[in-house]
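Novice: My request is simple: use the sequences and hints to build the entire structure.
Chains as they are written, first to last, in my numbering: chain A, 42 to 316; chain B, 132 to 442; chain C, 134 to 490.
The set of hints was computed from the structure by calculation and includes no laboratory data. Nothing here was measured: the structure is a model prediction, and the numbers come from that model. We put the CB at the ideal spot given by N, CA and C, even for glycine. One should not assume that every hint holds.
[To be verified] Only some residues are given here: those of chain B computed to face chain C with a beta carbon under 10 angstroms:
(1) T136
(2) L138
(3) F140
(4) I142
(5) H212
(6) L219
(7) T224
(8) I225
(9) S226
(10) I230
(11) S231
(12) I237
(13) W241
(14) T411
(15) I412
(16) L415
[Stated by the list, open to error] Okay, derived cross-link-like pairs now, BS3-like style, lysine-lysine, Cα gap no bigger than 30 angstroms in a straight line:
(17) A:K184 <-> C:K369
(18) B:K439 <-> C:K139
(19) A:K149 <-> A:K71
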Amino acid sequence: MVEREIKASIQKKEIKNGEIILSVKDLFVKNDKGRTVVKGVNFEVKEYEIFGIAGVSGNGQKELIEALTGLRKWEKGEVQFFGKKYDRFSSKLFRRLNISHIPEERTKFGVVANLPIYDNSVLRTYDNCNFCRGLILRYNNIKDFSKKIIKEYNVMAPSINTRIKFLSGGNIQKFILGREISTKKDFIIAAHPTYGLDISATRDIRDLLIKMRDEGSGILLVSEDLDEILEISDRFAIMYDGEFIEITKPGELSIEEIGLMLGGLKSKNREERLS
Amino acid sequence: MNETTFLIFSIIKRALISGTPLLLGTLGEIYTERSGVLNLGIEGMMALGAVSGFGITIMTKNPWIGLLFAIFFGIALSLVHAFVSITLKGNQTISGLAISMLGLGISGFWGKAFIGIPLKYKFQDFNIPLLNKIPFLGDLLFKGDPIFYISLILTFILWFILYKTKWGIIIRSCGENPLASDSMGVNVNIVRYICVAIGGALAGMAGAYLSLSYTSSWIEGMTGGRGWIVVALTIFSLWNPLRALLGAYLFGGIYILQFILQQYYKIPPNILLILPYIATILVLLLSANETLRKRIGAPKFLGEPYIKEEK
Amino acid sequence: MIVIEKRKKYNTKQNLIIIIISIFLSLFISSLIFSLRGINPFFALYKIIFSSFGSLYGIKETITKAIPLMLCGIGLSIAFKGKFWNIGAEGQLLIGAVLATWVGLFIGKNLPSIILIPLMFLAGFVGGGLVALIPALLKVRFNTNEVISTLMLNYIIEQYVQYLVYGPWKGKTQYGFPYTDNLPPNALLPIIKGSRIHYPTLIIAIILSILIFFLLFRTKLGYEIRVIGENPLSAKYAGIDYVKVILIMMFLSGGIAALAGVGEIAGIHKHLTYPSQISSGYGFTAIIVAWLAQLNPLLVIVTSLFFGGILVGGDVIQTSFGFPFATINIFNGLMLVFISIGYFLIEYKVSFKGAEK
Numbered sequence: 042m043v044e045r046e047i048k049a050s051i052q053k054k055e056i057k058n059g060e061i062i063l064s065v066k067d068l069f070v071k072n073d074k075g076r077t078v079v080k081g082v083n084f085e086v087k088e089y090e091i092f093g094i095a096g097v098s099g100n101g102q103k104e105l106i107e108a109l110t111g112l113r114k115w116e117k118g119e120v121q122f123f124g125k126k127y128d129r130f131s132s133k134l135f136r137r138l139n140i141s142h143i144p145e146e147r148t149k150f151g152v153v154a155n156l157p158i159y160d161n162s163v164l165r166t167y168d169n170c171n172f173c174r175g176l177i178l179r180y181n182n183i184k185d186f187s188k189k190i191i192k193e194y195n196v197m198a199p200s201i202n203t204r205i206k207f208l209s210g211g212n213i214q215k216f217i218l219g220r221e222i223s224t225k226k227d228f229i230i231a232a233h234p235t236y237g238l239d240i241s242a243t244r245d246i247r248d249l250l251i252k253m254r255d256e257g258s259g260i261l262l263v264s265e266d267l268d269e270i271l272e273i274s275d276r277f278a279i280m281y282d283g284e285f286i287e288i289t290k291p292g293e294l295s296i297e298e299i300g301l302m303l304g305g306l307k308s309k310n311r312e313e314r315l316s
Numbered sequence: 132m133n134e135t136t137f138l139i140f141s142i143i144k145r146a147l148i149s150g151t152p153l154l155l156g157t158l159g160e161i162y163t164e165r166s167g168v169l170n171l172g173i174e175g176m177m178a179l180g181a182v183s184g185f186g187i188t189i190m191t192k193n194p195w196i197g198l199l200f201a202i203f204f205g206i207a208l209s210l211v212h213a214f215v216s217i218t219l220k221g222n223q224t225i226s227g228l229a230i231s232m233l234g235l236g237i238s239g240f241w242g243k244a245f246i247g248i249p250l251k252y253k254f255q256d257f258n259i260p261l262l263n264k265i266p267f268l269g270d271l272l273f274k275g276d277p278i279f280y281i282s283l284i285l286t287f288i289l290w291f292i293l294y295k296t297k298w299g300i301i302i303r304s305c306g307e308n309p310l311a312s313d314s315m316g317v318n319v320n321i322v323r324y325i326c327v328a329i330g331g332a333l334a335g336m337a338g339a340y341l342s343l344s345y346t347s348s349w350i351e352g353m354t355g356g357r358g359w360i361v362v363a364l365t366i367f368s369l370w371n372p373l374r375a376l377l378g379a380y381l382f383g384g385i386y387i388l389q390f391i392l393q394q395y396y397k398i399p400p401n402i403l404l405i406l407p408y409i410a411t412i413l414v415l416l417l418s419a420n421e422t423l424r425k426r427i428g429a430p431k432f433l434g435e436p437y438i439k440e441e442k
Numbered sequence: 134m135i136v137i138e139k140r141k142k143y144n145t146k147q148n149l150i151i152i153i154i155s156i157f158l159s160l161f162i163s164s165l166i167f168s169l170r171g172i173n174p175f176f177a178l179y180k181i182i183f184s185s186f187g188s189l190y191g192i193k194e195t196i197t198k199a200i201p202l203m204l205c206g207i208g209l210s211i212a213f214k215g216k217f218w219n220i221g222a223e224g225q226l227l228i229g230a231v232l233a234t235w236v237g238l239f240i241g242k243n244l245p246s247i248i249l250i251p252l253m254f255l256a257g258f259v260g261g262g263l264v265a266l267i268p269a270l271l272k273v274r275f276n277t278n279e280v281i282s283t284l285m286l287n288y289i290i291e292q293y294v295q296y297l298v299y300g301p302w303k304g305k306t307q308y309g310f311p312y313t314d315n316l317p318p319n320a321l322l323p324i325i326k327g328s329r330i331h332y333p334t335l336i337i338a339i340i341l342s343i344l345i346f347f348l349l350f351r352t353k354l355g356y357e358i359r360v361i362g363e364n365p366l367s368a369k370y371a372g373i374d375y376v377k378v379i380l381i382m383m384f385l386s387g388g389i390a391a392l393a394g395v396g397e398i399a400g401i402h403k404h405l406t407y408p409s410q411i412s413s414g415y416g417f418t419a420i421i422v423a424w425l426a427q428l429n430p431l432l433v434i435v436t437s438l439f440f441g442g443i444l445v446g447g448d449v450i451q452t453s454f455g456f457p458f459a460t461i462n463i464f465n466g467l468m469l470v471f472i473s474i475g476y477f478l479i480e481y482k483v484s485f486k487g488a489e490k
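Specialist: Put into structure tokens, the structure is as follows:
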């Protein structure tokens, strides 16, 4: 049973205005089969803000995130992180940026199943000066770091030597989150972070995202769970068939309208929508 | 018909004959890979087929019984690979290598007794009635080794099954989307076992052909790397039995090219001997290009054990 | 009813027992082969074990055969850790042999030992590394199956060596045999008296095993290799440069295997000869040496000694019982099968439960 109290609603602090971290203009991305699945998307994400992307899976979210994290090339468009324009980036370049990536498929590539926890803790940071000196890894620091993550983020594991495949889904996700957020705080890209998790882990993760937002991070959140988007985003986009139908704030549109737009209704006229 | 034309035609025929074991092996591996299993043990299964076919033929004085046993041994060895790859979800590359070693080892061990023994009980040439009366073409195409014709018939049958029947769809779906197949009630693992066994049977047949027909003798190492060449040809054929015909016979031509170059152009034997191996690498390169262009690739789940997730 | 469940944790002691049982089972079943020829399997096993480990001469021979196995095994463990199936160690070994001959016999024959021998090893290493880059490039650029490309190279290199020893490099002092001339004394490795153990190569092997262990488990490159091997998708997510890592990895793998070839020429054969005499299946047996050692370069020392013993045993069964050398392949194949079964039992628990009422 759930041991922790489930908070009824989250008290959100006033939205501070921060610098723009991510700016996306007219982005077009193709999928593996050659079809364009992201069709001219425009948006910005600032510091102190959670920007959500609501939508049913399969409308281009996966490819959009892959493009923004260096896992996929984009066809057209402009992407700026921290004011710097990029024509394309590799995941190698992306790794050097102060951006966390919490991937959609956590066990498929967010961690290496057969490696122990401490090896997994530096998956995207192993060439930080802290964790390596020249060509050699500093395992003392790495192991300390893993112990810290496990403690701070409440990851249930027998020891840091345990292979990560023996952990539950929720604990793996908390671990990934902890690993990413500890070292790359400025901007967080989280794709379906609470998918398949139990209530307690879900609550932990949502709280964590809000806490990071309050401390200044910009967060791009993709989720199929509309409740989640409405609960924690400051602004969100409704994505259908590769386009952002609307960018709005929670509370401005009714659930029916949102539902219709998620299903493809593209009209901007409020009366038209509700009739 | 003048002498040159005759020469050309008999060269073509020899290319077809050289390509036959490759064709048989490729057909088998196509089925295995289509169902999602990678079997690198073809060299061993072929070697085992060669030695068992030869040995049993000498014992029973009947090449057809020898052929049958070769098929049986090929299946038996392939089932070891199936067990390790499918049931034990083991590493398919290592398992395939294990099978190759086993097959080559058993072949060397058993075959020692047969070195230097000529084969007295051969396959009777098969004559297609009427057609073989055609002057000279008849001799060429319609009279010959029965296994050659069997391989042709098998090509068409296997192509038909794979593309035009329900079973073919089941096999292909096990390789492309085992999860979906499972949810439709297909026992993915059994299908894979059967396809691996088909691969074993055909590889065994290919080996028997080598020892009973192609050279009518047994020597150690007679498979000469053909098992590995088959793996390359399987990719080249884009997992389509009809295209396997093309690949196998073209490759058969390389063996004949060796012969011609040696007789007529006096090229040093070492260079000739490496022709098939260089050709195999070229085949791999060509295939990479083709699969990219045609967007046809290996079965999506090739080499991955099917694990039923418990949610 | 058989129930198979994934284990929730590893038990190191249990794992060790499983591995040991695998070894015994494959030994036992292989020895059953002997009964097919009317020979008592236990007697055969006894003879093999005694000849390899039961006498001083046997132990010396075992170590001699273990040296190339160690080097190839270490080289293979690097590649296999990255899940790059380098089946070309035979060819890489031969290239090492060729380069050792070239430097020792032709180019550097007037150099003093202290320079010549390290030069031979260096040349062999570079040659083996370069040759191994071919399948590596094919893989990263064209995604070609590395098992096939490395194997094909084996055949090609084998023919190249044949060409050399029958042709341009044929020795004038060898009475028409397909050998090169003997290497000059300054190109030969010192041997432990009363044995065939060319100890410099052995020392190199042991040092490399420690170095490579360190490389794989303590350096950035080793980390990248292991991640690529365990999960190439994670490697991409982690921003690891796949091309760079695979190329370096294969260069090292081929280079180290080639060192075995240098050792065989400068320490054992003293001239280049039939390729099969030199490589003797070491490259293939090394696959099992590495796999049994669970790709741990330190354990490779142990498993290579074990297989060195098996190979000595192979010689014995050839001479004593008249079995062809290919029989070793039966044992090797069975070993791989039983280790695979063992690995399965390490991951999964098999239990027998009664039928539900």
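Novice: Take the hints in turn and mark each one as holding or not.
Specialist: Each hint tested on the structure:
{"no.": "1", "hint": "T136", "result": "34 angstroms, violated"}
{"no.": "2", "hint": "L138", "result": "28 angstroms, violated"}
{"no.": "3", "hint": "F140", "result": "31 angstroms, violated"}
{"no.": "4", "hint": "I142", "result": "24 angstroms, violated"}
{"no.": "5", "hint": "H212", "result": "9 angstroms, holds"}
{"no.": "6", "hint": "L219", "result": "4 angstroms, holds"}
{"no.": "7", "hint": "T224", "result": "5 angstroms, holds"}
{"no.": "8", "hint": "I225", "result": "6 angstroms, holds"}
{"no.": "9", "hint": "S226", "result": "6 angstroms, holds"}
{"no.": "10", "hint": "I230", "result": "7 angstroms, holds"}
{"no.": "11", "hint": "S231", "result": "8 angstroms, holds"}
{"no.": "12", "hint": "I237", "result": "6 angstroms, holds"}
{"no.": "13", "hint": "W241", "result": "9 angstroms, holds"}
{"no.": "14", "hint": "T411", "result": "5 angstroms, holds"}
{"no.": "15", "hint": "I412", "result": "5 angstroms, holds"}
{"no.": "16", "hint": "L415", "result": "4 angstroms, holds"}
{"no.": "17", "hint": "A:K184 <-> C:K369", "result": "23 angstroms, holds"}
{"no.": "18", "hint": "B:K439 <-> C:K139", "result": "12 angstroms, holds"}
{"no.": "19", "hint": "A:K149 <-> A:K71", "result": "22 angstroms, holds"}
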